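Based on the provided sequences and hints, a complete structural model is requested.
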Amino acid sequence: MKLWKTILTAAGLVVATGTSAFAVRTDLVIGITLEPPHLDPTAGAAAAIDEVLYANVFEGLTRIGPNGEVLPDLAESWTVSDDGKVYTFKLHTGVKFHDGTDFNADDVKFSLDRARADNSVNAQKGLFAAIDTVEVADPGTVKITLKNPQSSFLYNMGWGDAVIVAPETADTNKEKPVGTGPFRFQSWAKGSSITLIKSDTYWGAPVSLDKAEFRIVPDAAAAIPALLSGDVQAFPFFPDPDSVAQVKDDPRFKVVIGATEGETILSINNKKPPFDRLQVRQAISFALDRKAIIDGASAGLGVPIGSHMSPANKAYVDLTGLYPHNVERARELLKEAGLENGFKATLKLPPPPYARLGGEIIASQLRDVGIDLQIVPVEWAQWLDQVFTKKDYDLTIVSHTEPNDIDIYSRKDYYFNYDNPTFDKIIADLNLTSDEAKRMTLLGEAQKILADDAVVGFLYELPKAGVWDAKLEGFWENAPIQANDLTKVKWTE
Amino acid sequence: MTTYLLNRLAIAVITLVLASMVVFAVLEIIPGDPARLMLGMNANADQVELLRNQMGLNAPLALRYLHWAGGLLSLDFGRSYTYSVPVIDLVRERVVVSLPLALIALALSTIIAIPVGLFSAGRHGRAGDTIATGAAQLGVAVPNFWFALMLIYLFAVWLRLVPAGGFPGWSAGVWPALKSLVLPAIALALPQAAILARVTRSALIEVLNEDYIRTARAKGLPYRAVLWRHALRNAMIPVLTILGLQFAFLLAGTIIIENVFYLPGLGRLVFQAITQRDLIVVESVVMLLVAAVIAVNLLVDLSYAVVDPRLRSRQ
Chain A
1 MKLWKTILTA AGLVVATGTS AFAVRTDLVI GITLEPPHLD PTAGAAAAID
51 EVLYANVFEG LTRIGPNGEV LPDLAESWTV SDDGKVYTFK LHTGVKFHDG
101 TDFNADDVKF SLDRARADNS VNAQKGLFAA IDTVEVADPG TVKITLKNPQ
151 SSFLYNMGWG DAVIVAPETA DTNKEKPVGT GPFRFQSWAK GSSITLIKSD
201 TYWGAPVSLD KAEFRIVPDA AAAIPALLSG DVQAFPFFPD PDSVAQVKDD
251 PRFKVVIGAT EGETILSINN KKPPFDRLQV RQAISFALDR KAIIDGASAG
301 LGVPIGSHMS PANKAYVDLT GLYPHNVERA RELLKEAGLE NGFKATLKLP
351 PPPYARLGGE IIASQLRDVG IDLQIVPVEW AQWLDQVFTK KDYDLTIVSH
401 TEPNDIDIYS RKDYYFNYDN PTFDKIIADL NLTSDEAKRM TLLGEAQKIL
451 ADDAVVGFLY ELPKAGVWDA KLEGFWENAP IQANDLTKVK WTE
Chain B
1 MTTYLLNRLA IAVITLVLAS MVVFAVLEII PGDPARLMLG MNANADQVEL
51 LRNQMGLNAP LALRYLHWAG GLLSLDFGRS YTYSVPVIDL VRERVVVSLP
101 LALIALALST IIAIPVGLFS AGRHGRAGDT IATGAAQLGV AVPNFWFALM
151 LIYLFAVWLR LVPAGGFPGW SAGVWPALKS LVLPAIALAL PQAAILARVT
201 RSALIEVLNE DYIRTARAKG LPYRAVLWRH ALRNAMIPVL TILGLQFAFL
251 LAGTIIIENV FYLPGLGRLV FQAITQRDLI VVESVVMLLV AAVIAVNLLV
301 DLSYAVVDPR LRSRQ
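Protein sequence lines, in the order shown, are assigned to chains A and B. By UniProt numbering, the letter at position 52 of the first sequence is numbered 52, and the numbering carries on one by one without gaps. By UniProt numbering, the letter at position 211 of the second sequence is numbered 211, and the numbering carries on one by one without gaps.
It cannot be assumed that every hint is accurate.
[Claimed, not checked] Computed list of lysine to any residue pairs in SDA-like fashion (alpha-carbon distance at most 25 angstroms, straight line): (1) A/K391 - A/F343; (2) A/K174 - B/R79; (3) A/K391 - B/R79; (4) A/K125 - B/G40; (5) A/K190 - B/N209; (6) A/K174 - A/T201; (7) A/K109 - A/K174.
Everything labelled a hint here was simulated from the structure, so no lab data went into it. Fair warning: this is a prediction, and the values are worked out from it, not measured in the lab.
This is the structure we're talking about:
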């Protein structure tokens with residue numbers, strides 16, 4: 001009997017120590033390429049801010065899900081008035097900010113009023129332009145009245161720029177972010193890493209990870225050894241699609257290729273001769289060989305596009321056949337435009353590899369039809385200044401990564417210099433239409449007009465290459481917005 | 001000696017003032033607007049203007065220069081536009097990485113270079129010299145980011161002795177912090193050592209041809225003693241000059257190595273600040289580096305006086 005007891009105790013001990021030794025990991029190091037300039041999603045356009053904080057530390061009334069769908073977040077449910085102008089949000093109860101203060105309707109009013117105030121420097125102020133008033137009905141209910149119905153309103157409230165912050169901490173979020181999310185901010189070693197830890201007071205389903213460290217690895221060549229040595233266990237946005245091949249067949253890693261909302265385009269200055277003529281722009285479209293560009297600039301991973309819409313979007317219309325690669329046709333069009341001897345132009349290229357690599361290929365393709373491009377590499381600051389603000393350019397390559405942004409072609413003074421009242425009318429109608437079928441028709445028409453006008457050279461949808469440890473699951477495959485939502489991420493063994 | 005020192009100090013001050021003007025002017029000329037960079041492509045012109053006003057970017061040029069330069073005099077380096085924290089805090093966080101790294105790399109480089117230079121000069125023209133000179137040539141030619149990657153694959157990925165990159169901070173303990181600086185220090189030291197070895201060798205060979213060396217040999221001193229006591233000391237001036245230049249380079253010119261090992265050093269701080277047009281950070285950090293280089297040069301000048309007594313007595 002005594003012997004039995006001893007054996008059982010010993011066995012029990014073995015099992016106990018055994019399980020604890022093999023307990024599932026709960027810490028994670030994620031590699032990111034760019035360091036956020038600060039940690040307040042409501043005060044800057046840098047994608048790196050959302051890549052660390054969106055859905056992890058900060059939450060909005062609604063949120064965007066892994067496939068671009070609108071999901072309830074701090075708002076448990078909502079109703080919309082018949083005229084589409086009044087949204088009444090019912091908020092979750094028992095929600096606390098990480099500093100211990102309670103979340104309620106006053107915080108929602110504060111956050112939205114702050115974002116749309118006259119002196120606000122919210123980078124996406126346009127998201128709030130339709131809001132007329134924000135009223136607190138009771139601590140758990142917010143009533144938002146719009147100036148006019150806006151079909152994208154619920155989606156807009158899911159952006160990182162629309163997250164809910166507390167009045168006490170709003171001004172210090174840049175350094176010490178305080179939100180309502182499942183992770184709270186722990187530390188930021190500048191130039192090195194940002195660490196989040198699990199929040200014990202979270203209102204929703206608890207997360208599996210106890211600690212998540214975002215480590216800044218700026219050099220694409222360093223990303224592979226960082227994974228191989230085990231220092232970093234995941235790169236949800238792998239910086240260099242070419243070197244993905246090095247880990248593709250390695251069973252220790254998962255390589256997941258997904259879609260983004262980044263329409264990669266050859267932007268054309270539509271007011272600058274000779275690009276103000278339709279034939280010239282169409283000639284450029286015929287001269288482009290998308291397959292060669294995708295192979296060379298995105299390791300063959302990009303999906304071709306024929307207009308400004310992601311192929312993953314419900315409203316997508318396939319217009320890639322409108323301008324097939326046809327050098328003869330391009331030459332004919334240039335001849336019709338009186339440019340049979342070709343012409344010279346500049347191509348300004350910002351730093352990302354898709355632009356620098358794609359630019360070389362495009363320059364050689366356009367040379368085949370007689371357009372002699374001089375390549376001018378620029379940094380982002382120069383690009384924003386010269387190309388985007390001053391519109392001092394002929395051609396440039398850039399990926400427009402914001403979701404559902406076909407309306408940029410109707411913006412006054414936008415850098416494309418494109419002006420088409422018919423297109424503007426469609427976008428204006430679209431904003432007022434909530435009927436799904438009608439919206440699809442309008443979006444289809446909008447895509448068709450842009451393709452017919454050959455406003456820009458539509459190239460491909462920027463791919464998202466994610467690489468992570470094979471024992472991890474729960475990362476987003478696609479990137480409908482640029483975020484690293486860690487709420488479902490866990491180690492499987 | 002006093003005149004020598006005062007002269008050097010006066011030159012240092014004038015250099016600092018001129019440098020501050022050049023740095024400020026250059027950054028004014030380069031295109032790019034920090035406010036637009038922060039707000040991105042969806043913000044309208046009015047908003048950008050609003051932020052420019054908040055950042056104080058719309059004040060006249062001369063006023064902004066005086067404000068900044070005046071701040072520097074009272075050791076106030078301003079606040080970063082993007083990080084919105086005092087520049088001096090950013091610098092402090094980075095110096096604790098860059099300074100030890102530069103010192104370790106410099107020590108390594110000296111430990112390798114001086115003996116190699118001595119060995120090579122002592123066997124001038126013979127097989128040993130050819131091999132050592134060839135190795136030094138290779139050390140200069142190998143691109144340091146490639147060498148760094150090879151080190152990472154060998155010691156971090158394969159042997160797993162050290163991390164592939166990153167810096168845990170000194171708060172994580174002296175040993176883990178030092179471990180993460182070992183590979184970058186080697187990667188930085190190798191090309192520097194190669195250059196230093198070549199300079200040491202040629203300076204020594206020149207000195208070894210001097211009459212006093214022949215005299216020393218003739219009076220029967222052993223070769224080793226002549227080399228160490230007479231030749232090396234006289235060959236030190238060019239070696240010290242190169243060491244001074246190398247230290248200045250290692251302090252801030254190591255951006256490539258900092259990127260490969262993702263170390264939060266001064267080089268990356270400046271690089272990031274330039275891409276984000278965080279002008280105040282660039283200006284203030286560059287000025288601090290200018291001051292550091294001037295200080296190092298001053299030290300090198302003083303060390304000349306230590307190795308060469310003639311400079312001490314000269315008026």
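Tested hints:
1. With a C-alpha separation of about 20 angstroms, the suggested pair A/K391 and A/F343 falls inside the 25 angstroms cut-off, and the hint holds.
2. With a C-alpha separation of about 14 angstroms, the suggested pairing of A/K174 with B/R79 holds against the 25 angstroms cut-off.
3. At most 25 angstroms may separate the alpha-carbon atoms for a hinted pair to count; A/K391 and B/R79 exceed this at roughly 31 angstroms.
4. Using a Cα cut-off of 25 angstroms, the hinted pair A/K125 and B/G40 holds, with the two alpha carbons roughly 11 angstroms apart.
5. Taking the CA atoms of A/K190 and B/N209, the gap is about 54 angstroms. The hint is violated against a cut of 25 angstroms.
6. As the CA atoms of A/K174 and A/T201 are separated by approximately 22 angstroms, the hinted pair is consistent with the 25 angstroms bound.
7. Pair hint A/K109 plus A/K174 holds up; C-alpha atoms about 20 angstroms apart against a cutoff of 25 angstroms.
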